[in-house]
Structures are given as structure tokens and as C-alpha cells.
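Chemist: Chains as they are written, first to last, in the UniProt record's numbering: chain A, 1 to 474; chain B, 1 to 474.
Rather than coming from a laboratory, the hints here were simulated on the basis of the structure.
Here the structure is a predicted model, which means the values were calculated and not measured.
Glycine included, each C-beta is placed from N, C-alpha and C at the ideal position.
Any given hint could be a false lead.
Reference listing, derived: stretches of chain B covered by chain A, where coverage requires no fewer than 3 residues with Cβ under 8 angstroms from a Cβ of chain A [unchecked claim]:
no.: 1; segment: 26 to 38
no.: 2; segment: 133 to 141
no.: 3; segment: 316 to 322
Under the rule of at most 20 angstroms between Cα atoms (straight-line distance), these lysine to any residue pairs were calculated in the SDA-like manner [stated by the list, open to error]:
no.: 4; chain 1: A; residue 1: LYS127; chain 2: B; residue 2: LYS128
no.: 5; chain 1: B; residue 1: LYS193; chain 2: A; residue 2: ASP195
no.: 6; chain 1: A; residue 1: LYS128; chain 2: B; residue 2: GLU139
Number of protein chains: 2
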Amino acid sequence: MNLYEKLGAELEQQIKNGTFKYGERLPSIRSIHKESTLSISTVLQAMYWLESRGLVEAKPKKGYFVTYQPHQLVFQAVKYPARPSQGKEGMTDFVHKVYGMEQEELELTDFSLGAPHSSMLPIAKLKKIIRETLRESPEACTQYEPIQGSRLLRRQIAKRTTLWEKGLSTEELVTTNGCIHALAISLMALTKKGDTILTESPVYFGTLQLAQSLGLQCIEMPTHSLHGIDLEVVKGYLKNSPVAAIIVVSNFNNPLGFSMSEQSKRALVKICTNHQVPLIEEDLYGDVYFGKERPISCKSIDKEGIVLWCSSVSKTLAPGYRVGWIAPGKFMDDICRVKLVHSISCPTLLHESIAKFIDKSRYENHLRQLRSSLQHNLHKYLHIIQEYFPENTKVTFPDGGFLLWLELDPRINTGLLYEPALRLGIKYAPGRMFTLKDQYNNCLRLSFGLPWDEQTATALTKLGLLLQHQLVNY
Amino acid sequence: MNLYEKLGAELEQQIKNGTFKYGERLPSIRSIHKESTLSISTVLQAMYWLESRGLVEAKPKKGYFVTYQPHQLVFQAVKYPARPSQGKEGMTDFVHKVYGMEQEELELTDFSLGAPHSSMLPIAKLKKIIRETLRESPEACTQYEPIQGSRLLRRQIAKRTTLWEKGLSTEELVTTNGCIHALAISLMALTKKGDTILTESPVYFGTLQLAQSLGLQCIEMPTHSLHGIDLEVVKGYLKNSPVAAIIVVSNFNNPLGFSMSEQSKRALVKICTNHQVPLIEEDLYGDVYFGKERPISCKSIDKEGIVLWCSSVSKTLAPGYRVGWIAPGKFMDDICRVKLVHSISCPTLLHESIAKFIDKSRYENHLRQLRSSLQHNLHKYLHIIQEYFPENTKVTFPDGGFLLWLELDPRINTGLLYEPALRLGIKYAPGRMFTLKDQYNNCLRLSFGLPWDEQTATALTKLGLLLQHQLVNY
Numbered sequence: 001m002n003l004y005e006k007l008g009a010e011l012e013q014q015i016k017n018g019t020f021k022y023g024e025r026l027p028s029i030r031s032i033h034k035e036s037t038l039s040i041s042t043v044l045q046a047m048y049w050l051e052s053r054g055l056v057e058a059k060p061k062k063g064y065f066v067t068y069q070p071h072q073l074v075f076q077a078v079k080y081p082a083r084p085s086q087g088k089e090g091m092t093d094f095v096h097k098v099y100g101m102e103q104e105e106l107e108l109t110d111f112s113l114g115a116p117h118s119s120m121l122p123i124a125k126l127k128k129i130i131r132e133t134l135r136e137s138p139e140a141c142t143q144y145e146p147i148q149g150s151r152l153l154r155r156q157i158a159k160r161t162t163l164w165e166k167g168l169s170t171e172e173l174v175t176t177n178g179c180i181h182a183l184a185i186s187l188m189a190l191t192k193k194g195d196t197i198l199t200e201s202p203v204y205f206g207t208l209q210l211a212q213s214l215g216l217q218c219i220e221m222p223t224h225s226l227h228g229i230d231l232e233v234v235k236g237y238l239k240n241s242p243v244a245a246i247i248v249v250s251n252f253n254n255p256l257g258f259s260m261s262e263q264s265k266r267a268l269v270k271i272c273t274n275h276q277v278p279l280i281e282e283d284l285y286g287d288v289y290f291g292k293e294r295p296i297s298c299k300s301i302d303k304e305g306i307v308l309w310c311s312s313v314s315k316t317l318a319p320g321y322r323v324g325w326i327a328p329g330k331f332m333d334d335i336c337r338v339k340l341v342h343s344i345s346c347p348t349l350l351h352e353s354i355a356k357f358i359d360k361s362r363y364e365n366h367l368r369q370l371r372s373s374l375q376h377n378l379h380k381y382l383h384i385i386q387e388y389f390p391e392n393t394k395v396t397f398p399d400g401g402f403l404l405w406l407e408l409d410p411r412i413n414t415g416l417l418y419e420p421a422l423r424l425g426i427k428y429a430p431g432r433m434f435t436l437k438d439q440y441n442n443c444l445r446l447s448f449g450l451p452w453d454e455q456t457a458t459a460l461t462k463l464g465l466l467l468q469h470q471l472v473n474y
Numbered sequence: 001m002n003l004y005e006k007l008g009a010e011l012e013q014q015i016k017n018g019t020f021k022y023g024e025r026l027p028s029i030r031s032i033h034k035e036s037t038l039s040i041s042t043v044l045q046a047m048y049w050l051e052s053r054g055l056v057e058a059k060p061k062k063g064y065f066v067t068y069q070p071h072q073l074v075f076q077a078v079k080y081p082a083r084p085s086q087g088k089e090g091m092t093d094f095v096h097k098v099y100g101m102e103q104e105e106l107e108l109t110d111f112s113l114g115a116p117h118s119s120m121l122p123i124a125k126l127k128k129i130i131r132e133t134l135r136e137s138p139e140a141c142t143q144y145e146p147i148q149g150s151r152l153l154r155r156q157i158a159k160r161t162t163l164w165e166k167g168l169s170t171e172e173l174v175t176t177n178g179c180i181h182a183l184a185i186s187l188m189a190l191t192k193k194g195d196t197i198l199t200e201s202p203v204y205f206g207t208l209q210l211a212q213s214l215g216l217q218c219i220e221m222p223t224h225s226l227h228g229i230d231l232e233v234v235k236g237y238l239k240n241s242p243v244a245a246i247i248v249v250s251n252f253n254n255p256l257g258f259s260m261s262e263q264s265k266r267a268l269v270k271i272c273t274n275h276q277v278p279l280i281e282e283d284l285y286g287d288v289y290f291g292k293e294r295p296i297s298c299k300s301i302d303k304e305g306i307v308l309w310c311s312s313v314s315k316t317l318a319p320g321y322r323v324g325w326i327a328p329g330k331f332m333d334d335i336c337r338v339k340l341v342h343s344i345s346c347p348t349l350l351h352e353s354i355a356k357f358i359d360k361s362r363y364e365n366h367l368r369q370l371r372s373s374l375q376h377n378l379h380k381y382l383h384i385i386q387e388y389f390p391e392n393t394k395v396t397f398p399d400g401g402f403l404l405w406l407e408l409d410p411r412i413n414t415g416l417l418y419e420p421a422l423r424l425g426i427k428y429a430p431g432r433m434f435t436l437k438d439q440y441n442n443c444l445r446l447s448f449g450l451p452w453d454e455q456t457a458t459a460l461t462k463l464g465l466l467l468q469h470q471l472v473n474y
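Make the full structure from the sequences, and use the hints.
Modeler: Spelled out as C-alpha cells, the structure:
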């Protein structure tokens, strides 16, 4: 560690433990220089480092101010068994409303988007690579693939895991039509109707819908917005009841934004191994980190093959290309069987194109840009939320991905405000979508994967004012 | 009807009812001319017409000879309930063996292929249309589609049904990742574990596998190799037991090759409507007809929306593009829900490219060529089968598609011969793959969707000799 990094890490520690609070000024460069043996330039470097991590911002002639907001939301789940709420709009209604049917093309600022806006994607380069793939394929990729899917793609994904504690080989991977397909195959291979699975709470609605459609009992575990699923409760549950699988979004969680710490990941893998309960790890956002390096996956420390690692390029490159994959550990045979039976093959042209895109380092280049744009957006969003949203709004501060979770005053119902917001040209994902129970009605999920421009800024401001307005009229 | 068509139809009738048998010479042009009031040129036209339908062939200076082979195979299914055979290789073993894992790249003549060989596909034109689609899409088709799928594709499919008795609209269609995905969605939407479905027998193994994977009870109905599923038995079954769905491949059946007559289709749709049992119609091969026009679909006469019409371009254009669709009738909402939950979106670039390919009449042009090549192949195959296969071989004579079903001497076991054939560089689909019971061991399915060249001819001849050899050594 360099000197400046050491100082930076110390300051980060103090910011995160609350010694320096949101909005406060850090000691000046000069004063730190005087009180330590560090040169001015080292101290400055430390400040740049903190700035690049989104913890502070410089105000000209005033110094460095803390922009990091601690957040301590704990979403305590209702007691088991989970029971869908009756008599009013539930998860499914909202999913249908927000994503369901073809919408009229309004001039809309869509904060409900589940993927970065297309303006953040390398469209021209994608076109180029597809043309290359077409040119080089004598059969124009018209034929069925082998059952595990494109070897080219699997090799490229495997190569990206070389530095893992336990890297993956080409043979350990199976390609899928996006991550939801990987999740669907996993659940079909591992569970049968009536089985119980454990999830986080709030939880990505697609997971809930899939589980419902397969007749599974979904138990939402208490989840901490900084540390993830409550491992003590999980352990307790496993002791008393049979569980067919546990599903987590380990990195830059959807919707909460946290990444599980390495320690938590190790503990969870150990719990699953001890109880022989498959761990389905959705790791779609892990490549979009704002820190120094990609957070590890549970798969990377999985010695006995209990983890099914599911991912895709849908959140980083091209949702519509349906390029995903799974490393199913010891469940390989079951996964292959279900994949073959339900889908035979994936769209080869797109899978091979993405493989080449990765191989030529274009993916890594694109990710660098994407991370930087998203991190930039995040700070812009937080600024407006601080300025225009109701005073007691709690907001997550994710270190990657593109999703923000807001907990508002308990009197605000984001489900009821959905239509009024839509009439203002603003779309968001109400909190009620992320649970089977009657909770999170005062929460919402916002994507910051939109281009940061006047339209976005205005829409976000308007949303804040709308929320304020509901409070005033309460 | 023209005069020559009338004469042609009369002769066809006589050929099909056995008045003129396979290999026999028809009355000469001159004699027909003399015995009727028809001109020489009219009689000649009738002969051309019969020839174009694959019923006769001209031998120079000898006249016209019957090439039509009647076939009367009735596959009588074992008594219910269906019970997988125990203790020896079953359906799943063979599917795994033939299609399962990555195979070493032998110099192989692969008669087991489930789609026409890539040399029969319009590769250059497909590449061109994809490049066009890429160029015209500002977002390079990276975004998620609306839930029913590409409107462009749905409109083109709908346009192809304009002349149907009851044509389809864009709104009545949902796109899927190929036909197996349409089938999977249908079964997931319509059935639950433990339900019973009725199928033909022999039946496409993918249907059996899918049903097994969903925990469904699959009852194989007796099926006539000329007329299809036995409607009397179906009716009887429906009277006594609850059935969740009936699945048929209505046109150029896989594996039997028949098309249900219009009368049978109407009867089946009526039975399903009366009993309110959904009819899943796989109609993947209907466009590859050798006769004058496309046989109708059950969907085209479905007034109450009881038919789920599933199809794709996988058997005509590009298996690897995963372009399929479904017209789910009154089950639209359930189908959309399952599609959304299990797959979110299809690969837009390929779906829109196929839409344009259809729109620009390139699909119809390609189909014309494909039909003509396949019909040509069929006669070459039948010729070699007649010449080199054991004497008591029965073979279907499909009027479309690219699949032949052979029933051999009962002493021949096509499962046991699979490996010896593979060592000769020949792959086929053993009959045992097409049933859950211990039957069809003396049957096999051959694709005639291979380019007709010396390699194919030699391999087919060798296969015949191998079968002869087993009989001699019996």
C-alpha cells in the first residue's frame, strides 16, 4: 500500500464509522500535512483517491466535504410462513403495471429500467463485432449448438475467472438465454412443486414470479441493506425445515445495492455446504464495481460445487441479446438435462459475438467507461435526492451497479403515487414489487443507469417534489 | 379443375387405392388418348402433374412408372397406463447417446439430424438481412422487447395466415425462442405436476422429455401412419379421464411423416372444444409441402381459441436463431405470464431479421427451393431403400418435411445396431427414442434433409447392407 492509500483508507474508515459525517468538511490539506509526516502532494493524492471512490467532493477554496451517506435500513421480514397479501394490489399487479403490457410511447423518464440505458452501451462496436462473426461463420451460425453451449463463449467467461481463488474451466460452464433463464433452469433442476426456497427481502420480483410459477414456497429472509441476508436467521431456518435452495444476488444487490462481505460469502457457502443446500448465486452486477476491484463471488470460494453461479451481459452490454451462463457445480448433469429439454440451443450468433467482444478486450474497455459514467450518475442522483426529496428519506449508497433503493416517510405510499408520477412522465419501481407481503409500500427502486442530462435531472427533481407534496397533503 | 388435373386426380386415386402398384407401368399416353376424348398434350400434362407430385417417374422410351408406395403401418400402442420400460436402455439413454453430449468430430453422415443440412439454407441471404437489420437499428437491437415479442415478426407471421379460414392478427401471436420454447411455455401454462397429456405414438422425444421434466403423465395414443392419432381412442379416453392437453404434430409429422386430413383436423378441434381440452398443435413442417398447397392447421379452423399453434423457422431456415412463435388462443394471458417469468425477452436481432426475410419474399423463394430439393432427395432415398434395405422393410412416403420412418423386420434391433452403424460413419435415430415404452425397437427415423451426393448415397446403401447383414446372421 502506498502512503496516500494508507491515509485514504484511514480517512475512509473514519467517514464510514461516522467520525466525519455527511456534509462535514475534512481537515484541510495543510493541517493534515502539519500533523503528520506526509507531504502535501501525498495528502492531496489521498483526497483524490477518496473523491474517486465517491466519498468526498472538493469545493473550490473551501476544501473537501463528505458525500458518503451511511445507511442503516434493516428490512425486517414479517413472520413465516410468507403469505401473499390479499384484497389489494400485490407484487404481480405492480410488475404487470410497470413492465407487463406494451405501453404507449410516452415521453417518459424511466427510472424503472432494469438495465443501463442504450446510450451507455457500445452500439457501434457491437454492430461491428456481429458483422465480423457473421463474416467468419461459414454457416452464419444457423446450426444447433452442443448442449453446454458455445465453447468460444464458455472459454472467454472461464478466462475472466483465472484470478479467482478457484477459477472455472470451459467445461464447468453452460450458456443460457440470459440470467433469468439460468435461474429458471436452476430452479427446475433443483426443486419440485411445494418445495421451499429462501430469498433476500426485498428481493428481485422476477425471482418471486419464477418461484410462484413453479409452485415453490418463497421465504423472504430478513436482509440488511449493508450486509445482506441475515445468516443467523438462515441457519436457524435450515436447522428446522427442509430447504431446496437459497437464492442471493451477492454483488450490488437488486434492489438493495449492497455487496455481501467476503466474510459473509464464506460463511454462507459454508452453511450451504454443511446443510447440502444448493446456493443459487445471481452475480449480474459484479463487473460494475466502483471500488478498486471486482468483489468476489460465492462461486470463487466454493470447494464442493454447492454454488450455481448465474450471470449474463444483460446488465452491462445488451439485454436483448440473451447471453447468459451458469456454472452449476455438481449439478451439471441436471442443468444440462433441463436446458436441453426446455430450449435445445441458444442464439449462437449473439453468443459468439459476445465471446469475441470479450476476447478482444472490448468488454473490459466498455466496462471501464460504464463504471465511470454510473458512478458519476450516482453522485448526481444523491445530490438531487438530498436536495429535493422529503427530509427523512433514507437512501442506499451502492458501491456498484445502477440501482438505488429509497425508504421514504412511512406515510408515503409509492404504489398509490405510481400513476400520478406516470402522468408527470416519470416511471419508477414501487417497493411493493419486491416482496410477496404487504410491506415496503413506502419504498421505491430507482435506476441511475440513465444518461445524466437535463431531462433526467428535472424528472428526478419533480419526483422529489411530488413526494414532498404528498407529505404536505397528508 | 382443368382437364389434365381431372385426369391426374383420377390416376392418383387409382395409384393410391392400389389399382396401379409401385413399379408398375401406367397405360401409355397414346392408349389413354385413344380411350378418352383428351388430347395427347392434355394426357402429357396429367403425367407431368403426377410426376411433380412424386407419384410416377418417366423412363425414356418406356413410359411412366409408379413410384408411390402405399404404407399401412399402424403403431398400436401398449395398454395404459404408460410405464417406462425398466432394466434396459430407454428413451432418455438414446436421446443422450444420439444428441446429448459433445461428440468427437467424426466424418459422419448424420441421418439423425432434426433440421435440414446447412447446405440447404440460404446462408448468404441470411447474412445480408442481418447486416441490414443491424444497420437500420439505432440501438443494435440491444433492448428488451415488449412481452409478446417483436411486433415486426408477429405482423409477418400474421400476414402468412391471411388466406386461412380464420386468419391470425398481430395481437394474437407471441414470439418464442424456437418451437420447443413455445411447447414448454404451453405445458407450463396449462398443466401442473401429475396431470395427464395425450400424444401420438411414436412421438417426438423432445415432447416426452419435456413432459417428464414437468412431472406429467404422458399417454401415447395409437397413431396411424397415414391418418394420425386415433380419434376414437382419444374420444374414449377423454370420456373417462381428465386430460390437461393433447399434443399433435399436425403436418408432416415427426417422426411418422403423415399430415392429418382436413376432416381429421376438424374432428379433433371439435373434440377438444367439446371437452374444453387445450390442443397444442406443433406445426413446424407445414411450410415444407410437396403437394400443391400447404395443408391447413388445426388453428385455422379453431373458432373458440382452444388450439395453441406452435411453430418456428428452425426446420426451414435457421435452427440456431431461436425464432419461434405461438398463437395461444384464449390462453394468451397465461402464455404471456409464463414467457415473461421464464425468459423476459427473445433475441431481437434475429427475430427482426427473420421478419424482414419473410417480408421481402425471400422466405417464400427459399421455401420453393427447399421443397424441391427435399422432394428430389426423398425419391433418391426411397430408391436406395428399395434396392438395398431388407426385403420386408416398410417405409413411410411423406408428402412434405424431411423425415422418413422405417419399420424393419421384427428381428432387427436398431438400438443394438446404433454403435456398429456409428463405426461405419452413419448416425440415425433409433425407433426406441420415440416412445416411453418398450416398442419400436425395429424402427428408425432418417432425415432426408442432407445434400444428395455420393457420401449420402454410400452411407444409406451401407446402412441397408448392415441391416441385411444382421438378418442373415440372425
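Chemist: Which numbered hints turn out to be false for this structure?
Modeler: 1
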